[in-house]
Every structure is written in C-alpha cells, then in structure tokens.
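> Sequence:
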Amino acid sequence: METLGAREEGKCPNILFAISDDQSYDHTSFAGSTFVNTPAFDRIAEEGVYFTNCIAGSPGCAPSRSALVTGRHHWQNEQSGQHASAWLKKHVPFIDEIRRNGYYVGRTGKGVGPFQYARDESDSQWREGNAAGPELSDIRYGKEGHEDRRPTTRIGPSDYFSNFENFLENRPDGAPFFFWYGGTEPHRRYEKGSWKRSDKRLTDVQVPGFLPDNDVIRGDLLDYALEIEWFDLHLMRMLRYLEEKGELENTIVIVTADNGMPFPRAKANCFDYGVRVPLAIRFPKAFPGARVIDDPVRFIDFAPTLLELTRTKPEEMLAMRGKSIAAALSSKKSGSGVLRNQYAFSGRERHSSSRHDNWGYPQRAIRSERYLLVWNAKPERWPAGAPQCVDPEDSRKLLPLYGMNETGEHVSEWAFTDIDASPSKSHLVEEYVNKGARHFLDLAVGKRPQFELYDVQADPYCLRNLAGNESHAKQEAKLKKALFAELKQTNDPRVVGPDKEVFDSYLRYSPMREFPAPSEAEMDELPKKSNAAL
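Residue numbers (my numbering): 28 to 561.
Think of the hints as simulated: they come from the structure by calculation, not from any bench. There's no promise every hint is true.
[Said to hold, decoys possible] Distance condition first, Cα-Cα at most 25 Å in a straight line; then the derived SDA-like pairs of lysine to any residue:
(1) K117 <-> S149
(2) K474 <-> S532
(3) K350 <-> E335
(4) K116 <-> P450
(5) K272 <-> R198
(6) K219 <-> P450
(7) K272 <-> K474
(8) K360 <-> G316
Please put together the full structure from these sequences, using the hints given.
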C-alpha cells in the first residue's frame, strides 16, 4: 500500500470510487424506485451532480471495468477487454498513474475482473495484481470475533467499511488517497426469500415491462434490492467516517455500477437495463451541486477525468478514447448540452461460457439522449446462450432442451447461460415449456435481427424495435453512420479486421461448458413444443 513518486504541491483531492456489481440505472430511491432505499447514493446525487444517462462500456463486468480504468473501449483492449481472459501488462489503468503521482491507493471487494492476472514468472506478458489496486479485504464478518451482521450469508463476507477505515488509519501523513470500493452486491448469489426478513413488501415492487408481473419476479427483485441496500449501507458508513475525520469536503465521491441488473433481458444485453447505470458525483468545493445532466456520459470518460482532477500526467497508459468531463462537473449547467458527448458507445463479446467453442454474442451499441441502436453482429446465434449443452458426464449425450429436467423444473446451468441462474430465469423457462407462455422467454432468449432501434424515452424497456420503420429511417441511418465511424476509428476487429473472429479465440480462464455445434434446426426460431414433446 506504499505511495509511489512525488505529488504536485498543493492540496490534492481524495477520491472515493464506489462501484456496485450489476445494478440498473433506476434502482435507487433518488431515481424514484419504490422498493430500493439508497440514502447514501441519494445524498451524493442531491448534493452533487446526477447523470441520468450513464452508459457502461459493456453489459458485463469485465469488459465494462476494462473500459472504465483504461479510458478505451473494451474492443480496443484485446484480451484485457474480454470476460475471464488475461490482463496484459501494456493496458495500464489510470490507478497506476495516480499512484505514481503520490496517491495512497487501495481497494476492497471486487476490483477489475474477472480477469486472469499473472500466476508466476511464466506469465511474462500478464499484469501482476488487480488493475484496481492493492486489496484490503482482510476484515470479514464472522472472522476472529468480528460479529456477522449481514442480512443473509449469501452476501459477501467482506466488511467493506472496516477495511476502508483500516486503509485510512494507515495512510501516510499528508498523502491524498484513492480508494476503490467494489461491492460484490447485487451480483447473484441471492438467498431466495431473504427479503421476507426485512420490512419489504411485494406490492411496492415496480416490475420492468420485459418481465412478467407476478410474485416470483417481485420476490426476486426484492432479494436484489436487499443487496443494493447493503452496498449503500457501507457507502453511508464511509461518508460518515470521512465527515467525522474532516475529510469529506476534500473527497471526490463517485458512485456508479458496472452494468445492469442480473435478470433476463438486462445484464449481458445492450438494452438500457443492461448498460444504463446509476452515476452521481459529489465534490461541493469545486462542483456546484443539485444538478442533473442528461447528456450521455461514457465509462471511457472516467480515466481522463480522474487524471485531470488529480493533476496527473499519464506516462504509461495507451492512448485513451475517452474525454475528461471535469469542465462539465465544475460548471453550473444542468440538463442537455452540458457534455461534449452526443453519443455513448458500448458492446459485448462473450459473457459466460454459453455457446459452441466458447463463441460470444457480439454486439455494438450507440446511445444518444433519446435513441439506442444495437448492432447484433451474429444474429444467427442465440443471444442468451445455446438452449442445450453437452452432458459433462457423457460427451455423446445432450442435456435436456432449455435445461428442463424430468420433473419439468429448470436446472439453470444447462441452457441460456448468459442469463444468471435465478428464480426469474427458471420461471420464464418453466412457464414457456409447461404452459406455452412464450412471450417473456422470447424477449429474453429469442434470436434477434441484425439491427434494433429504440426510442428509450418512450420505450424504456426496449420492447418496440423501430429499425426498418420508415418514420425513423433518418434517425436509424444517422446512428448507424456514427456507430460504424466510431468502430472504424477505434480499429474494432469486428469491423476493420483482418481477423474479425479474434475475440472468440482468446482463452477463457473461468469454468467452461461444452455445447454442440449449431445445427440447421437451431437456425430457426424457438421451436413451438410442449414439455411432453421434449
């Protein structure tokens, strides 16, 4: 946890960077959620700058976090931008640069991952240590007499606040700090029904339009809400501690999430509930508060912004695509036209191991304040993963279609594995197979056209595809032109080659599943079969 180098003269601001794991943009009480209570986030938003259209670099954690710390689109970062691959040394994060400039750096919880970092000397091209900085997560609930106060043991054991407190207690005198608070919540490992031990009610839940409105979905959303509130609780403790120490007013507090909610048609999709995340930034001494900015803000803008705010000149980072938004933070302007960004870009390749030969589902997306255009580069593939996988105990056999076992129950790890296993996912499959209720499952897993266009102001759930609609032809053409210009300018291999399939070739270091090669039948839409026919 040593500081490196000498910082410039003068009082540099501290930075507390808080990032939750899988939280969509409207799931804060500040944004109007009736079933999620986030007083810490609300305070930052009320006293600082709130961004209504923060677009993550990807709908998955690893590529999104890669874009955040490098200031580059994930497709510019080779293996270092792809889920569960290796992080190369040359992709230097901004955190290294500010540490070199004299900042005392540390983190707790989830850093930049999942990536494979150097394991031994043979990994000579790989980075040693997490790109989010040195970890401080030793203080854990239930360890060495530390009382377990978690609302459910499925929440991670790290006591985030106590680790932050320990970090500050060991800070060298006079050194500014950068602390990465990476909650592992609300990433899925939920205890089903954990919300029942709280004061939450099913009737308070707002169900997104791409999910059926019933008690199964509402209960799953309340379990999700409980974990967001745990993340927010530790953030509140950090804010109060900084206030007690007289450090809060000299600390830039940034609160966001890496991608959207872990539910069908959200996470791992470039729709708004997959890439649009909360963002609030507070620093009253320099950033006029009580402001709302509606322009799209990009994850690739974080790195250049924080380098400017810490007066750090990057020495080893590769060229950044993002632009600093420091001037907008320091202005008094609200609404639209505050940022230079007309568009934000995002994309994905592979997420989980979900298709034959570890293929991904390549998407690129462009988002204006009002419209979203998604390019599905491989529309013949299943967007949520293949409907069957090979039996791990007998490679000559396939497991049941859709992951349905003999009793008609969904075994979530068998199919559509880009969707996290959950009661919501199981419910959609079971309802479709057993009762023929195909609409919501089709929305989540059905094959999609090459292009999708949505008016996200009129259609926040991205349900009405306007691509090919004559009334929106000019808007579609404008967005396509801007998207492909960005992809060409940033040398996206999917567009400029020479190897357009290079992303599928990168090794995956997380667990693998084996899937059969696509057949002609799989090129058709979801088959209309009953459970008996399966």
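> If you draw a straight line from the CA of K474 to the CA of S532, is it 25 Å or shorter?
holds (23 Å)
> Starting from K272, check that the Cα of K474 is at most 25 Å away, please.
Violated, at about 54 Å.
> Hinted pair, alpha-carbon criterion (25 Å max): K350, E335. Please report holds or violated.
holds (10 Å)
> Holds or violated: K360 and G316, Cα atoms, limit 25 Å.
holds (10 Å)
> Is K116 within 25 Å of P450, Cα to Cα?
Cα-Cα ~40 Å, so violated.
> Between K272 and R198, is the straight-line Cα distance small enough, at 25 Å or below?
holds (13 Å)
> Below or equal to 25 Å on CA atoms is what counts here, so check K117 against S149.
holds (17 Å)
> Please work out if K219 and P450 have their alpha carbons no farther apart than 25 Å.
Holds, at about 8 Å.
The structure shown violates the earlier hints numbered 4 and 7.
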